[in-house]
Amino acid sequence: QSALTQPASLSGSPGQSITISCTGTSSDVGGSYYVSWYQQHPGKAPKLMIFDVNNRPSGVSNRFSGSKSGNTASLTISGLQAEDEADYYCSSYTSTSTLVFGTGTTVTVL
Amino acid sequence: QVQLVESGGGVVQAGRSLRLSCATSGFTLSNYGIHWVRQAPGKGLEWVALISYDGTNRYYADNVKGRFTISRDNSKNTLWLQMNSLRPEDTAVYYCARDGGGYSDIVTGPFDYWGQGTLVTVSS
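Read top to bottom, the protein sequences are chains A and B.
If you count the first sequence from 1, you need to add 466 to reach our numbering.
If you count the second sequence from 1, you need to add 1232 to reach our numbering.
Simulated from the structure, these hints should not be mistaken for laboratory data.
No experiment lies behind these values; they were computed from the predicted model shown.
Treat each hint with caution, since some may be false.
Straight-line distance between alpha carbons at most 16 angstroms, and here's what the computed EDC-like set of lysine to aspartate or glutamate pairs gives [to be verified]:
1) A:Lys-513 to B:Asp-1337
2) A:Lys-513 to B:Glu-1278
3) B:Lys-1275 to A:Asp-550
4) A:Lys-510 to B:Asp-1286
5) A:Lys-510 to A:Asp-550
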């Protein structure tokens, strides 16, 4: 149950797009449709942003989108805004019926 | 509205036990799997355990297997995480989270609603 690998930090200017990668193995990301993404602001509980690779829950901005290729999933934030500054985590269902999170990415809006 | 409220956290010595509770409201608990997720101070999220809608299926992270037990009572709209043989590395905020997959034996995520968390501190 090794954590999925994410870049520790990313930054972008308002209006730009950034993409956060989430790399696992064929036993989790590569073999699962159940990949999700979470946003967490300091001192707050995480919030679901993307589920089942590329689906947005009701109320989540369409500036957030997800995709997957092989063992790597990605979250793209388009039109970066100040309120997007937060920590982001991916998660995947695994072949052993457990779940695993990514290492987390801190997004900074310059 | 959907709510999950954790309680039972506190300071405990290594080797002792603690039981966390997760009280739910605003949805039919018996239709949903539930997870426990933790976050050590300044660290990332770590999945801990899951239980299916009826309690039939339960799975644990390797580092808590044999020490932690997840359970539920749908009639009381409550879940628990019994934590035994606690270690300093178990120090974290513990969240309960609803599984958005709904009524299924296979609990896959996503975690669509979260509680506010309860802090567990294990002293050595």
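Hints, verified against the model:
1. Between A:Lys-513 and B:Asp-1337 the alpha-carbon distance is near 24 angstroms, which puts this suggested pair outside the 16 angstroms criterion.
2. For the hint linking A:Lys-513 to B:Glu-1278, the alpha-carbon distance of about 15 angstroms falls within 16 angstroms, and the restraint holds.
3. Under the criterion of a C-alpha separation no larger than 16 angstroms, the hint pairing B:Lys-1275 with A:Asp-550 is inconsistent with the structure, at around 19 angstroms.
4. Simply put, A:Lys-510 and B:Asp-1286 have alpha-carbon atoms about 29 angstroms apart, too far for the 16 angstroms limit, and the pair is violated.
5. A distance of roughly 14 angstroms separates the Cα atoms of A:Lys-510 and A:Asp-550; the hinted pair therefore holds under the 16 angstroms criterion.
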